[in-house]
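These protein sequences, in sequence, are chains B and L. 270 is the number that this note's numbering gives to position 203 of the first sequence; each next residue is one higher, with no gaps. 195 is the number that this note's numbering gives to position 139 of the second sequence; each next residue is one higher, with no gaps.
To be clear, the hints were calculated from the coordinates, so they are not data collected in a lab. Check each hint, because a few of them may be wrong.
[What the hints assert, rightly or not] These stretches of chain B come out as covered by chain L in the derived footprint (C-beta under 8 Å, 3 or more residues):
1) 114-121
2) 135-144
3) 379-387
[Unchecked claim] Within a straight-line C-alpha distance of at most 25 Å, the following computed DSS-like cross-link-like pairs (lysine-lysine) qualify:
4) B:Lys249 - B:Lys180
5) B:Lys142 - B:Lys180
6) B:Lys198 - B:Lys175
7) B:Lys235 - B:Lys190
8) L:Lys483 - L:Lys288
9) B:Lys142 - L:Lys483
10) B:Lys180 - B:Lys198
11) L:Lys60 - B:Lys137
12) L:Lys59 - B:Lys137
13) B:Lys263 - B:Lys395
14) B:Lys198 - B:Lys172
15) B:Lys142 - L:Lys147
Just so it is clear, CB atoms sit at the ideal spot from N, CA and C, and this is done for glycine as well.
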Amino acid sequence: MAVTVQLNDLVKVFGNIRAVDHISLTIEPGELFFLLGPSGCGKTTLLRAIAGFNEPDGGQILIGDRDVTKLPPHKRDTGMVFQSYALWPHMSVAQNVAFGLEMRKLGKAETQKRVQEALEMVKMSDRATHKPNQLSGGQQQRVALARALVIHPQCLLLDEPLSNLDAKLRLEMRTEIRRICKEAGLTAIYVTHDQKEALSVADRLAVLNGGVVEQCGAPREVYRRPVSMFVASFIGETNFIPGVFQGGEGERVTIDTELGTFVSTAPMSGFSVGDAVMISLRPETLRLDTPAASAPNQLDGIVHDSVYLGEVAQHQVRVGGDKPMNLKVFDLNPRIIARDGEEAARVWVDPSDVVVLPAAGKGVPAP
Amino acid sequence: MRKKSAWIVFGVTMAVFLVGFIFPLLLVVRNGFISPDGQFTFRYLFGVFQNPIYLEGLRNSLRLAVGTTLLATCLSLPLAWLSNRYHFRGKVWVNALVLVPMILPPFVGAIGFQQILGQYGALNALLGLDVDWLGRGRWVGVILLQSLSLYPIMYLNVSAALANIDHAMDEAAENLGATGFTKFRRITLPLMAPGLFAGGTIVFIWSFTELGTPLIMNYTRVASVQVYDALKEIGGNPFPFALVFVMLVVSVSLYLLSKIMFGGKAYAMQSKAATTFTETRLTGWRAGLALLPFLLVIFLALLPHAGVILTSFSAPGGWYRSVLPEVYTTGNYVEALGHNMTVSSIRNSLFFSTLAVMFNLVFGIGIAFVVVRSTIRVRGVLDGLAMMPLAVPGLVMASGYLAFSSQISNSELVRNSPALLNLFDVKTNPTLFLVMAYGIRRLPYMVRSAVAGLQQTSAGLEEAAANLGASPMVSLRRVTLPLITANLIAGALLAFAFSMLEVSDSLMLAQREDFYPITKTIYELFQLIGTGKYLASALGVWAMLFLAVTIVGSSLLLGKKLGALFRV
Numbered sequence: 068m069a070v071t072v073q074l075n076d077l078v079k080v081f082g083n084i085r086a087v088d089h090i091s092l093t094i095e096p097g098e099l100f101f102l103l104g105p106s107g108c109g110k111t112t113l114l115r116a117i118a119g120f121n122e123p124d125g126g127q128i129l130i131g132d133r134d135v136t137k138l139p140p141h142k143r144d145t146g147m148v149f150q151s152y153a154l155w156p157h158m159s160v161a162q163n164v165a166f167g168l169e170m171r172k173l174g175k176a177e178t179q180k181r182v183q184e185a186l187e188m189v190k191m192s193d194r195a196t197h198k199p200n201q202l203s204g205g206q207q208q209r210v211a212l213a214r215a216l217v218i219h220p221q222c223l224l225l226d227e228p229l230s231n232l233d234a235k236l237r238l239e240m241r242t243e244i245r246r247i248c249k250e251a252g253l254t255a256i257y258v259t260h261d262q263k264e265a266l267s268v269a270d271r272l273a274v275l276n277g278g279v280v281e282q283c284g285a286p287r288e289v290y291r292r293p294v295s296m297f298v299a300s301f302i303g304e305t306n307f308i309p310g311v312f313q314g315g316e317g318e319r320v321t322i323d324t325e326l327g328t329f330v331s332t333a334p335m336s337g338f339s340v341g342d343a344v345m346i347s348l349r350p351e352t353l354r355l356d357t358p359a360a361s362a363p364n365q366l367d368g369i370v371h372d373s374v375y376l377g378e379v380a381q382h383q384v385r386v387g388g389d390k391p392m393n394l395k396v397f398d399l400n401p402r403i404i405a406r407d408g409e410e411a412a413r414v415w416v417d418p419s420d421v422v423v424l425p426a427a428g429k430g431v432p433a434p
Numbered sequence: 057m058r059k060k061s062a063w064i065v066f067g068v069t070m071a072v073f074l075v076g077f078i079f080p081l082l083l084v085v086r087n088g089f090i091s092p093d094g095q096f097t098f099r100y101l102f103g104v105f106q107n108p109i110y111l112e113g114l115r116n117s118l119r120l121a122v123g124t125t126l127l128a129t130c131l132s133l134p135l136a137w138l139s140n141r142y143h144f145r146g147k148v149w150v151n152a153l154v155l156v157p158m159i160l161p162p163f164v165g166a167i168g169f170q171q172i173l174g175q176y177g178a179l180n181a182l183l184g185l186d187v188d189w190l191g192r193g194r195w196v197g198v199i200l201l202q203s204l205s206l207y208p209i210m211y212l213n214v215s216a217a218l219a220n221i222d223h224a225m226d227e228a229a230e231n232l233g234a235t236g237f238t239k240f241r242r243i244t245l246p247l248m249a250p251g252l253f254a255g256g257t258i259v260f261i262w263s264f265t266e267l268g269t270p271l272i273m274n275y276t277r278v279a280s281v282q283v284y285d286a287l288k289e290i291g292g293n294p295f296p297f298a299l300v301f302v303m304l305v306v307s308v309s310l311y312l313l314s315k316i317m318f319g320g321k322a323y324a325m326q327s328k329a330a331t332t333f334t335e336t337r338l339t340g341w342r343a344g345l346a347l348l349p350f351l352l353v354i355f356l357a358l359l360p361h362a363g364v365i366l367t368s369f370s371a372p373g374g375w376y377r378s379v380l381p382e383v384y385t386t387g388n389y390v391e392a393l394g395h396n397m398t399v400s401s402i403r404n405s406l407f408f409s410t411l412a413v414m415f416n417l418v419f420g421i422g423i424a425f426v427v428v429r430s431t432i433r434v435r436g437v438l439d440g441l442a443m444m445p446l447a448v449p450g451l452v453m454a455s456g457y458l459a460f461s462s463q464i465s466n467s468e469l470v471r472n473s474p475a476l477l478n479l480f481d482v483k484t485n486p487t488l489f490l491v492m493a494y495g496i497r498r499l500p501y502m503v504r505s506a507v508a509g510l511q512q513t514s515a516g517l518e519e520a521a522a523n524l525g526a527s528p529m530v531s532l533r534r535v536t537l538p539l540i541t542a543n544l545i546a547g548a549l550l551a552f553a554f555s556m557l558e559v560s561d562s563l564m565l566a567q568r569e570d571f572y573p574i575t576k577t578i579y580e581l582f583q584l585i586g587t588g589k590y591l592a593s594a595l596g597v598w599a600m601l602f603l604a605v606t607i608v609g610s611s612l613l614l615g616k617k618l619g620a621l622f623r624v
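For reference, chain B alone in the conformation it holds in the complex:
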């Protein structure tokens, strides 16, 4: 039964560090929700608070309409997949999976049936009698997932479940996890620091930084319309150009920068004329094809370094006259390759791709 998970003004302090700093989130029934952030941002602390492994210093956790804030872990009815899998080495795969059902005092026949189903779901039924140390990392991961799913938890919690797998397996398992969650119709909360994982699998995600939620929304919304410099630089790559907000008519505003005036039609929070702002330009929105003569946001530059990756070329383009600046430009289906030497190029960007952010923000990674 899918339920809502609600966090109200949650606080968790370790020593003098606020690991979770007044976080409120509502996760909808059946939603696959991601907590994304760099290490130390509080995402794992938050997940462990939901599971009951640490007691928050303030706030409230609701699973369904039950207030579980003070409940010990074993009474919360969550299914957790641990980063280390935490499979019990002295029990077989089947015994591991059956454990939660035993605790729920299910009958033998029912237990067996559900263990079988769960193992089938993760395609591990042929390994039921194996011990965990006889399994590969990917197989252990599947068993851990089965063990959490078999109890039909009110909510599934995943703590960086794929971080111990190699790249190929990781790709395979993340679609697998999404399939399983959707099939079971579970509310799931998934912690990761891997933005690709979050973007590709999440229904919605929250970007955490320093114990607070910087932004919460659907993947494409967070990627296309970041609300802070931190989010823009943590998810995907970007070029920052400082500037001053000049205002405009309707959606169309201009920003003065050292590289000239930029026009933006992207939605943004209310700035006043004269505000210091930061323009964020994704490398893939910077274009090297010939723009219409009337198109705004054109820059002349020199491609001075390129990395060719087949489907894409990553160029370093030097722009600006006496105060030069490097822009990263991703050229999909690349034609120009200036591997040796330099080549003049004109770069432009569509006004709807010019994202304007407040200039101040904490914890912005160095560009």
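Model the placement of chain L on the given structure of chain B, informed by the hints.
Okay, now just chain L, sitting in the frame of chain B:
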């Protein structure tokens, strides 16, 4: 671990320690400082230092301790180093065998030792000499015997310390031009100093207060024997308590010194190797050369016990001025095992030791859980407290329990109730105090092995169980305990073996024949005129055999090698 349960364990353990450990020690101190009219006085303490007999006893004890510690170091250091650096055929076996003397009671070995090295013993018969190898003072013999039984403790500590030294440290020294002895002196030795000192402290305290071996070797001018003799007398003589106080101060100071110097990082058999040396493989005569010191030490250490076995099969008087006994018999076994005292003592020892091991398991697991899995601040206090019994000699504890027992039994309430008298008066029934003594003194071993087990078991495994609906008790029973079983059994076996062969507390606390444990019976049999040492040997052999069967049996059941059990 939830805070509340951690506090409960902490509270209960503190209470048990206060009653069973701190209070008896306070009584020792009190009895040594309070005169019969209730006045505080230094008279007895000064008396100890003014009495030439007590002074000589202390001096001799100190000599025994220093000698034993040095000799044990000399025996164990080369072996530990060899085992750390090299791999050779048979190493697994000698590594295990080298630890065996730890569970062989030295005070029984003393009987065989005298048969071999005594003036009318086997060695003189072999060489055709008439030298008294043990010397007139006998202290050389006591040192030899004690170091041959205590060196395994050094060996385990030094091995653990060596194993924890990063190989790169050594390579860096070589890279900068230090080799051979210079490297050992400047790099290896300082790095392993904590382990060396920790092992040394335990051996020192142990031999400083050892009662059984000097008693059997008839070396009576040591403090421990003086305390034993004086406490046997009826009537509250305060001087032995003052003497015990001096011994307690020496022991505890040394223990604290090593804690302060090395931060208590490497205590007895605690550390598990994190990184190991790449062992150099030795073959041919080099392997033989590496094996030789092991075999030599094992031979020397087992020699006294071989002497005991021979004595046990020798007809009384049949081994005198000859290399081997001249008349063999199994009669000693028939007589020793048929003795009333023996039958009840075997039952008593099993009963006391089993109770003590159960005490150890409950408290060892509880304390280890708080230390490893809880976040309460005082868990460090608990950890330190659980290790304290290592610093307090059995003799001191026994004196404390004697004082404790007479204190309670003298109260109006207890004196008039047979049931309470049975519980608290050691002269009526020593069970409570013997079990407490056995249990508390072996607790450090149990705590160490349980802590090691828990540290190797990820807390995530317990969290996974809680997450799936297992209450803390269920997750303990279903997940944690099965995973640390090997550690618990190792610790329990060690505690059991030590309890079965415990000497100081057994000799002093068991005062009624029907409550004698095996060790006291061996000592009583030994004192029988004529057949004494033969019967004592027979019972000693039986006890060692019983322990060997228990330990080997358990290790076979667990599918583990003997050595692995002792690498707690």
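Now the hints, each set against the structure:
Taking a C-beta to C-beta cut-off of 8 Å, the region 114-121 of chain B contributes 3 residues in contact with chain L, enough for the three needed, and the coverage statement holds. Residues of the region 135-144 of chain B lying with their CB closer than 8 Å to a CB of chain L number 6, which satisfies the three-residue condition for coverage. Evaluation of the coverage hint for the region 379-387 of chain B: breached, as 0 residues show C-beta separations to chain L shorter than 8 Å, against a requirement of three. Under the criterion of a C-alpha separation no larger than 25 Å, the hint pairing B:Lys249 with B:Lys180 is consistent with the structure, at around 21 Å.
Proximity of B:Lys142 to B:Lys180 is assessed by CA-CA distance (about 24 Å); at most 25 Å being required, the pair is judged to hold. Distance hint between B:Lys198 and B:Lys175 is fulfilled; the C-alpha atoms sit about 21 Å from each other, no more than 25 Å. Of the supplied pair hints, the one linking B:Lys235 and B:Lys190 holds, its CA atoms being roughly 18 Å apart against a limit of 25 Å. A threshold of 25 Å between alpha carbons decides the hint, and for L:Lys483 with L:Lys288 the separation of about 12 Å falls inside it, so the pair holds.
A C-alpha spacing of about 53 Å is found between B:Lys142 and L:Lys483, which places the hinted pair above 25 Å, so the restraint is violated. Taking the CA atoms of B:Lys180 and B:Lys198, the gap is near 20 Å; set against the 25 Å cutoff, the hint holds. With a C-alpha separation of about 14 Å, the suggested pairing of L:Lys60 with B:Lys137 holds against the 25 Å cut-off. The suggested pairing of L:Lys59 with B:Lys137 holds, with an alpha-carbon distance near 13 Å, which does not exceed 25 Å.
Our distance criterion of 25 Å between C-alpha atoms is met by B:Lys263 and B:Lys395, whose separation comes to about 19 Å. Using a Cα cut-off of 25 Å, the hinted pair B:Lys198 and B:Lys172 holds, with the two alpha carbons roughly 23 Å apart. A C-alpha spacing of about 52 Å is found between B:Lys142 and L:Lys147, which places the hinted pair above 25 Å, so the restraint is violated.
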